[in-house]
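Asker: If you want the building blocks of each chain, they are given just below.
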Amino acid sequence: MATIAQAVRMALHMGEAHLGVTDVFGEDVGPPLGGVFTATQGLKTAWNTPLDERGIIGAAMGLALAGCNPVCEIQFCDYAFNTIDLLKLCGNTFWASAGQWNVPMTMMTPVGAGIHGSLYHSHSFDGQATRIPGWKIVMPSNPRDAYGMLLTAMADPNPVMVLLPKALMRAKAEAPYEVIPGEPDDARELRKRIDAPIGDRTGWVPDWPDTELDMIAFGKARTLREGTDLTVVTYGRLARVAMRVADQLTDEGISAEIIDLRSLHPYDWDAIVASTRKTGRVLFLNEDTEVTNFGEHLIRRCCDELFGELRVAPRLHAGEHVPGVGLAETLEYASVPTADSVRKAIVELAEAPEVGRSMRDQPRIVRRQPTIDVTIDARELQASVLSEYAFGGRHR
Amino acid sequence: MTDMTPHVSPEERPSPRGSTAQLPREELIRIHDLMIEGRLLEERLIRMQRQGEAYFWIGGPGEEAFNTCLGLLADKGQGLDHDYFHLHYRSSATLLALGGKSIDALRQMHNTVTDPHSRGRNFCGHFSVREWNLVPITSPIEVQYSVAIGTGLAQARQGGKGITIVQGGDAGSAEGDFASCLVWASRPMQPLPMLIIVANNQWGISTAASGQHGEKYISDRGKAFGMKTMTCNGNDPETAYFAIQEAMDYVRTERRPLVLECFLSRLYGHSSSSGANYVEEEPDCIKLIADKLDQRGWRSHEETKKLTEAKEAEMTEWYKQVLTEPKPDASEVHMFTFAERNHVGGEA
Ligand SMILES: Cc1ncc(C[n+]2csc(CCOP(=O)(O)OP(=O)(O)O)c2C)c(N)n1
Chain A
1 MATIAQAVRM ALHMGEAHLG VTDVFGEDVG PPLGGVFTAT QGLKTAWNTP LDERGIIGAA
61 MGLALAGCNP VCEIQFCDYA FNTIDLLKLC GNTFWASAGQ WNVPMTMMTP VGAGIHGSLY
121 HSHSFDGQAT RIPGWKIVMP SNPRDAYGML LTAMADPNPV MVLLPKALMR AKAEAPYEVI
181 PGEPDDAREL RKRIDAPIGD RTGWVPDWPD TELDMIAFGK ARTLREGTDL TVVTYGRLAR
241 VAMRVADQLT DEGISAEIID LRSLHPYDWD AIVASTRKTG RVLFLNEDTE VTNFGEHLIR
301 RCCDELFGEL RVAPRLHAGE HVPGVGLAET LEYASVPTAD SVRKAIVELA EAPEVGRSMR
361 DQPRIVRRQP TIDVTIDARE LQASVLSEYA FGGRHR
Chain B
1 MTDMTPHVSP EERPSPRGST AQLPREELIR IHDLMIEGRL LEERLIRMQR QGEAYFWIGG
61 PGEEAFNTCL GLLADKGQGL DHDYFHLHYR SSATLLALGG KSIDALRQMH NTVTDPHSRG
121 RNFCGHFSVR EWNLVPITSP IEVQYSVAIG TGLAQARQGG KGITIVQGGD AGSAEGDFAS
181 CLVWASRPMQ PLPMLIIVAN NQWGISTAAS GQHGEKYISD RGKAFGMKTM TCNGNDPETA
241 YFAIQEAMDY VRTERRPLVL ECFLSRLYGH SSSSGANYVE EEPDCIKLIA DKLDQRGWRS
301 HEETKKLTEA KEAEMTEWYK QVLTEPKPDA SEVHMFTFAE RNHVGGEA
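Chains as they are written, first to last, in our numbering: chain A, 1 to 396; chain B, 1 to 348.
For the record, the hints were derived by calculation from the structure and aren't laboratory data. Honestly, I wouldn't trust all of these hints.
Listed next, the in silico DMTMM-like pairs over lysine to aspartate or glutamate satisfying Cα-Cα at most 25 Å (straight line) [claimed, not checked]:
(1) B:Lys292 to B:Glu26
(2) A:Lys88 to B:Glu175
(3) A:Lys88 to B:Glu340
Just chain A, with the same shape it has in the complex:
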């Protein structure tokens, strides 16, 4: 059973073998390391670039314009900020040339907090990314989606950004639909076949499993969990957090529907509408800073299009609008949503009085006392990936 890092690797291999991918490149992406998260080990077309993010995006664009099919990586999205005008250019090239030059490239980059990464390994990018028209943008929360959406990205004639929640790079499937079709069940077997060995790697070639070329269409959300009281629309790392919180809240009598948006552009508005109509209560949940947050756009659309059907005002739970994610755990947890804060946000939404009804007429969600321990160990969700990358990595 694959981790997200391995899922990315297998998808890229499929891209090379079946989708005409010509280049997988970025800082430390090629041998010997194969990516600081090991997501590009063993690939035929992987190569290392100078330490230059603008050069990486520019090179990918030029390769794409020259008829190649490149996948580039920005090592951490925190270092993609100096490429924004190139990302804009990439997004507007087809439009500006009135349909002459499409730019078929994929950019992948690890995003978000959860690995004690302090200011420059914790940024989110969904807020920035969704403000750049002309790009398709996806953020998987499990290995199957990472695999399937990366395949779709490599087959798409447009620029596609694949945002990878870095705290989940070592996460494995937790449900049958998170399993990659054709992957070995045994995690150890998979590791042996496709993880680069420790020490000398010069003669090593991976033994790729026979996974299927099974793409996941963009613009389709997945309802992770059905519920009747409220809707949580989320993606990436927080999809898993929301699921655990929701599972526990069932015991307290709160039935939360959890939607994993997966694709941020295009996004599955129909899924949001259907669920919000059903519950009348919706929370948008992500970890980017809250001012001009993507969730705010979705709230605006809810107000525009669903106002009469909402029981309470739609809400956003997102990162604090502070300049950075601090290193100390206390600071990090005060900056981005945690299991506890997500729980609080869901409970508050469930208990919020309905708009326009007197308190007396409010239909009540009766909360029961929890029967199990409701505190979630945040560490459980934070596979210790940071210590593994480059510094203490298995390569060294």
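For this one, chain A is given, so just place chain B with the ligand on it according to the hints.
Answerer: Below, chain B with the ligand alone, put in the same frame as chain A:
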């Protein structure tokens, strides 16, 4: 140091009269014809802006000599075996030399739906021609130096004769993308067949290069990367022609990068924002070539005058035609946000 001191003094620039090497008569005449059309086109664009028939003008008066030669010497075509062009907003003469039509430039100026470069979406001089590997010219200064790395890479692998040509101004060379281009083009593991051009007019809008650039020649920066570098007088078409030819031959056959810095004039200031008035003090390549042709007895001033009038009459016809053409419909605004097919990958 005042802002008016030239960065590289006139004595230090390659001679305005150029080298003594001469082009054959027909070739110089062909260049002259194209330069005349290029200048008349730009002057027409400036008038259109003044008359309220366009919002903004920026373009290439002063770059005709160099850019015409660039277009004539390049290998035009589609795909990796031909040259890729990453040009700037002063490249109209290159477009004409490649076979582009003035009327299409007028269409872009008037943002008509018939504008084949951008369908009324972009400023004048922002050309795009996929059939000739001319990637969209764009406003942000120097991004072309980063994007060009990619076509250079693809061509390095392809082998053959196709090269990547990238061109920008002197002020913009301060941007990181220029450094990116130098670094990536000269990676020891894969040098790129790139002709890296700096069109040095000594100005960035109102800021003189002399106050901002400590390096004597911008092209010298290539030396640190082991690159061959050249400078040339971009106001003289013969000097420019032979310099471009030498540079291209090197890049084509050696499959290595070369930085070519040409010194040329900015004859109508930066853009319509700065008035777009003719600058008397700078050498004018159109006058220089006309003198040369007259002196050699190849084309008299009288003939040049007649030719110019005839071309101007043609330009007027094109201009009138363009004024009758429609603007894009508002419903087009979402068109071409996403591609359905991989056009650059060869899908129809
Ligand atoms: C990245 C960027 N910054 C600023 C501008 C605004 N701008 C347009 S042209 C220009 C000066 C460019 O000078 P130079 O590179 O020497 O080219 P020239 O216009 O002289 O040909 C500036 C600052 C821009 N277009 N792009």
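Asker: Decide, hint by hint, whether the structure agrees.
Answerer: For each hint, the structure was consulted:
Between Lys292 of chain B and Glu26 of chain B the CA atoms are separated by roughly 14 Å; this keeps the pair inside 25 Å, and the hint holds. For the hint linking Lys88 of chain A to Glu175 of chain B, the alpha-carbon distance of about 17 Å falls within 25 Å, and the restraint holds. Straight-line distance between C-alpha atoms of Lys88 of chain A and Glu340 of chain B comes to about 20 Å, which keeps the hinted pair within the 25 Å bound.
The structure is consistent with each of the numbered hints, conforming to all of them.
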